[in-house]
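Participant: Protein chains in written order, with this note's numbering: chain A, -8 to 285; chain B, -1 to 376.
Quick caveat, the hints were computed from the structure, so don't treat them as lab data.
There's no promise every hint is true.
[Claimed, not checked] Partial chain B-side listing against chain A, Cβ under 7 Å, derived:
id: 1; residue: Arg30
id: 2; residue: Ala37
id: 3; residue: Leu40
id: 4; residue: Gly59
id: 5; residue: Arg161
[Stated by the list, open to error] Chain B is faced by these chain A residues, among others (derived, beta-carbon under 10 Å):
id: 6; residue: Asp15
id: 7; residue: Val20
id: 8; residue: Glu36
id: 9; residue: Asp101
id: 10; residue: Tyr103
id: 11; residue: Ser169
id: 12; residue: Arg173
[Claimed, not checked] Distance windows between CB atoms, simulated:
id: 13; chain 1: B; residue 1: Asp375; chain 2: A; residue 2: Ala198; range: 28 to 34 Å
id: 14; chain 1: A; residue 1: Asp66; chain 2: B; residue 2: Arg319; range: 51 to 57 Å
id: 15; chain 1: A; residue 1: Glu206; chain 2: B; residue 2: Pro352; range: 46 to 52 Å
id: 16; chain 1: B; residue 1: Ala32; chain 2: A; residue 2: Arg119; range: 29 to 35 Å
id: 17; chain 1: B; residue 1: Leu40; chain 2: A; residue 2: Thr89; range: 55 to 61 Å
id: 18; chain 1: B; residue 1: Arg151; chain 2: A; residue 2: Glu87; range: 55 to 61 Å
id: 19; chain 1: B; residue 1: Gly168; chain 2: A; residue 2: Glu63; range: 47 to 53 Å
id: 20; chain 1: B; residue 1: Glu266; chain 2: A; residue 2: Glu206; range: 28 to 34 Å
id: 21; chain 1: A; residue 1: Glu252; chain 2: B; residue 2: Pro342; range: 48 to 54 Å
id: 22; chain 1: B; residue 1: Gly168; chain 2: A; residue 2: Thr89; range: 36 to 42 Å
All residues carry an ideal CB built from backbone N, CA and C; glycine is no exception.
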Amino acid sequence: MTLGTASVAELAERLGATGYLSDDDLATVAYLALTMQRPLLLEGEPGTGKTALAEALAQALDVPLLRLQCYEGIDATQALYDWDFPRQVLHLRALEATGSDTDTESAEKDLYDERFLLARPVLAALQRSPVVLLVDEVDRADDEFEAFLLEVLSTYQVSIPELGVVAAAEPPVVVLTSNRTRELHDALKRRCLYHWIDHPDLEREVAIVRSRAPEVSETLARQVATVVGRLRDDGVGLEKPPGVAETLDWARALQHLGATELDLATAARTLGALVKYREDTDRVRAALDRMLGV
Amino acid sequence: MRTPHGMNAPDAVLLGFCTALRAAGVVVTHDRAAGFLEAASLLDAGDRASTYRAGRATLCGGPDDVTRYDQVFCEYFATDALDRPRPRRQEAPPAVTTALELEEGEVGHGDDAGDGERVAARASEIEVLRHRDVAGLTSAERARMQALFAALRPRPPVRRTARHEPWRRGRVDLSRTLRATLRQHGEPAPVKWRRRGAKPRRVVLLVDVSGSMSGYADALLRLAHALTHGCTRGGGQVETFTVGTRLTHVTHALRLRDPDRALVAAGETVPDWSGGTRLGETLQAFLASGGRRDLARGAVVVVLSDGWERGDAALLGEQVRRLRRVAHRVVWVNPHRGKAGYEPVQGGIVAALPHVDALLAGHSLATFAELVEVVADA
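Chain B on its own, in the form it takes in the complex (with noise of 0.2 Å):
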């Protein structure tokens, strides 16, 4: 059987296998797509476990990519036969639902930087899978706030390098002098000097998009997204992910320049907008993975949270020792901080509050231009 493009059967299946893979969310690009056919045809490809192998190769490009992979396959070759290993995935283990299920109350205004309504503070356990809805923002509030953002002006921290550059006061620089010397067959040349170059230094953010930091979610995601491309401007590196019940690597989504666009796309990413706090549990899945640690490793890391923890305080407390010890500085943003009479009694806040270098506030435009200042200065 031969398609009207020229085109024999097992090319369409697989062919078609592609697109069902792209409409799943990985980037299968049409050189991917021929790299699988070439591989395909070089192996059996009568063989299920062949042509798995072959498009696992070729069409993934991360665990991520690997896990969907494997889901669209088993779906599209109606085959679950295939028992192999998945990548180790650092997740938060599923949730337990308890039976009890505490209110904490309602604490103050998400003003300011929310839109006006009751920030019902209620973390809960129950891990609550939603995507975060975009339709609530009307287009005059949008160009509001992208007036606002605009208005910060962030840059990224620096660090001192190991490699020298060079510099008109400093240290004396032998091996340029020396060149310069020998440049000139022997003449002594001017001293050359030298000073220790500057790089600057990577952000990581953590931003909680629980239900108890509703209110604030999406300004924290548009000041980082500000963030990120004012710290790219500067050559700097900002990696962002949202905390919950779940750790969700948001990056590539704020990349976009477009803040409403990056939103949207964060928004999509997530899946546990809106639901439970389990804070700790979420750092730690952060912390166990060898890449993502180093992500923080030498970092300055902002942590946005309000500390409404619903899983273990102490844990919490621990990770964010843990974090601090890998990480340059560890700042934590508290919205609630702001707020007159705020004391930081919640448990989550509480345990981590002596490994923290700096609490700031984080509800109002004036604070979040405080915290570009921490961060750059950090």
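Chain A with its partners taken away, still in its complex shape (with noise of 0.2 Å):
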């Protein structure tokens, strides 16, 4: 079975139907990455969905997501295998109170067999492709696993001293995201697609709280997106401006506070759910004023 889509319309479609609604740009990109067989790597600003990309793609493509969450420090016996050893132990441990007879060599064999390795994200990723790997926040992760996810991408296959190669039958589908905290080295990023994912545009915005949070009225909805968008320009100057899931939560937020119509009072009791900083919630304030003030 080859993932994939026939058309760059026919995966917005399928994207769509899992609520992810993609512009043609990022349809295009995900279609390419799916066709031409190549990691994708996102970038942009937190909080614009790049990790949800992944997870509609193996939905619309119904095949299971594994996700690798990168930080600082992390090896390969995180990202790719351990063997069990406590179990191995138990094992050689049952062997001697069976006082079965089986010959050293092959009880050291039995040690390093498929039931004793504990499968990580990438390896389980190679062995049950076709799976969606996602490689969330590449960017946290050192330069040596960087190098590590690079032998990793372009061949599609490790070599495990044990017990020999193990190679996907088909590539998985990778996503790579980050949030540029450090710049990728050059080599990784030759071998991926690249996105940059920006805020979405108003009439997107609308449209995801609508699909995303059906219970929200068009109104609201509009206002709200309305309102973030502006507050996003750089003129009000915030710490960290909110991104859609600021958005979402914040209309969910005034939702639940029963509100049809964004008014000042109810707008200024949910802050909480749009900014995350106390001088962030100051400007907010002062800006809300400006744009529902009368």
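Make the complex out of the two chains shown on their own, each in a separate frame, by following the hints.
Facilitator: See below:
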């Protein structure tokens, strides 16, 4: 079975059916990644739906999603595989206890059997492909890990000394996300298709709110998206401009308070869903006064 | 129509575009170009928007590339119909040119580290875009500089990590002890010990290249180069930005081994060499982007500037305060501090000083050596 869709439009439609509204650019890049079997590197501000795309892709293609969250100090044993040491010891003890007459060589060989192998996300992705492998926040990992990823992503196989080579029957769909805390190595970038995810425009954001939170009224969704869009403008000078996730949270919060339209009092009470810095709260209050005040 | 190499016409056009892109400074390698041709052929070749998307996905590696790509695409395919959102560039807004341009007079000499010229300290709000003049250094001076900076031995600051490492003292390493015991089939093994590991801390350098710093900027970039290589040798990471009216990432340029080539490369990257000073706004731009802010997170941030701020000094103070909250240490290096009778009275430095961990001089090699020590011990 080959993953993929016949056209860009079909992929966009299938993503849309899962509730992920992609624009043409993003749908095209995703389509190319599937068709060319290349990893997809997504960069962008936090909260613009990088991780959500991988989840939507998995759902749209109807394959499992394997997620590898990167962090400083992550190494191959957390990404690839580890031997289940306690079980190996247990196995030896069991052999000892039953007094079975297996010779040393086969007992040792037994120890490095696949059942003692703990497959971590990358190995699991190769074994279980077709899957979507999400390597989240790859910029947090160290250079060494990047080099390791490069190796796996170029051949889609890994070699385990005790077992041999594990190769994917079919390359998994790989999505890498990065928040640009660190410039990724060019070799890794060259391997990938690149896409910068921007904040959505007003219409798309309204559509996203409507699709993710259908209980929110059209009027409220539009007002919320308009305000958030203006807050993202440089003029307000927020420390952390709200992403789509915050827009959704805010719309839901307003909805839970029974608001059908945005008014200053309710907006001020629910700001905690939108901005997460005290300084930002003050700035947003001031901006809201201008936007909603008489 | 076929070209002599057996290429068909559309491919030749696309490869020509790759060449144009390369000329604009986007690194287009052959595998990238091949990926572009493949992607373009998968999409509708006649459709300009498809070609645009195919190229953007395969030829770009970052927001900077995308900006250049957009420009080249519009020019190469003679289209300006691509009305599409650009990646958000958090740059300082364009300067407002004021009719009232204040002269701050001249201060002191750029002795020791500078080239002996008088330093005209004139912070201007007008953004002057110009590249660094590399012709100014004679070969003798260059050799002397190189020898002086080679004497600095920077090492990266370290931090404790969450992970433990085996050690001969410290706390009991239960899992290693148990494993050793298991390995001996339950015979008690000697107790193993562990301690918290140590890792190099990141260093972020913000070098002021505005007009008032022109006498020092070269020396400071050389210092940045020395720090970059010294800390990298120790396993650390140094990220360097120049600030002035814009924020420019020059780390890649400074990673070149040869200091002179690195400085030339940095000079070519920086568009606002010897321009005005809008330190507050540039710092705000630095802190506004999540990615860049996270660079400073837990890092030792060194601001190398004279603090002649022509923007809003209060804004600068606010931004330094934010920087302090994100960073592990904020060190301010002011070349004028080393002079007799210096008082931190400039608007910028007054606003920033309360939020700075250390204020160091930075006008001579001895003070650079001191800075290197302070950074290593931070």
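Participant: Against this structure, judge whether each hint is valid.
Facilitator: Now the hints, each set against the structure:
Taken as an interface hint, Arg30/B checks out: its beta carbon lies about 6 Å from the nearest beta carbon of chain A, inside 7 Å. A hinted interface residue such as Ala37/B counts as satisfied when its beta carbon comes closer than 7 Å to some beta carbon of chain A; here the least separation is about 5 Å, so the hint holds. The restraint placing Leu40/B at the interface with chain A holds, with a minimum CB-CB distance near 5 Å, inside the 7 Å limit. Interface restraint check for Gly59/B: the shortest CB-CB distance to chain A comes to about 4 Å, inside 7 Å, so the restraint holds.
Proximity of Arg161/B to chain A holds as hinted, the smallest CB-CB distance being about 6 Å (cut-off 7 Å). Residue-level restraint check for Asp15/A holds (minimum Cβ-Cβ distance to chain B is 7 Å; threshold 10 Å). The interface hint given for Val20/A holds, since its Cβ lies 4 Å from the closest Cβ of chain B, which is under the 10 Å cut-off. Against a cut-off of 10 Å between C-beta atoms, the interface hint on Glu36/A holds, since the closest Cβ of chain B lies about 6 Å away.
Contact between Asp101/A and chain B, as hinted, is not supported at the beta carbon level, the nearest pair being about 17 Å apart and thus beyond 10 Å. At about 16 Å, the closest approach between the beta carbon of Tyr103/A and any beta carbon in chain B exceeds 10 Å, and the interface hint on this residue is violated. Here the hint on Ser169/A is kept, as its CB sits about 8 Å from the closest CB of chain B, short of 10 Å. Among the interface hints, the one on Arg173/A holds; its C-beta lies about 7 Å from the nearest C-beta in chain B, closer than the 10 Å criterion.
Between Asp375/B and Ala198/A the C-beta distance comes to about 54 Å, which lies outside the given range of 28 to 34 Å. Take Asp66/A and Arg319/B: their Cβ atoms lie about 37 Å apart, and the range 51 to 57 Å is violated. In this structure the hint that Glu206/A and Pro352/B lie 46 to 52 Å apart at CB holds, the actual value being about 49 Å. Taken as a hint, the range 29 to 35 Å holds for the pair Ala32/B and Arg119/A, whose Cβ atoms sit roughly 30 Å apart.
One distance hint, 55 to 61 Å for the beta-carbon pair Leu40/B and Thr89/A, holds here, with the actual separation near 59 Å. Against the hinted window of 55 to 61 Å, the Cβ-Cβ separation of Arg151/B and Glu87/A comes to about 57 Å, which satisfies the hint. Range check, Gly168/B to Glu63/A: about 22 Å between beta-carbon atoms, so the 47 to 53 Å window is missed. Checked against the hint of 28 to 34 Å, the pair Glu266/B and Glu206/A fails, with Cβ atoms roughly 55 Å apart.
Evaluation of the 48 to 54 Å hint for Glu252/A and Pro342/B yields a pass: the beta carbon distance comes to about 52 Å. Roughly 41 Å separates the CB atoms of Gly168/B and Thr89/A, a value that falls within the hinted 36 to 42 Å.
Violated hints, listed in ascending order, are 9, 10, 13, 14, 19 and 20; each of the other numbered hints is respected by the structure.
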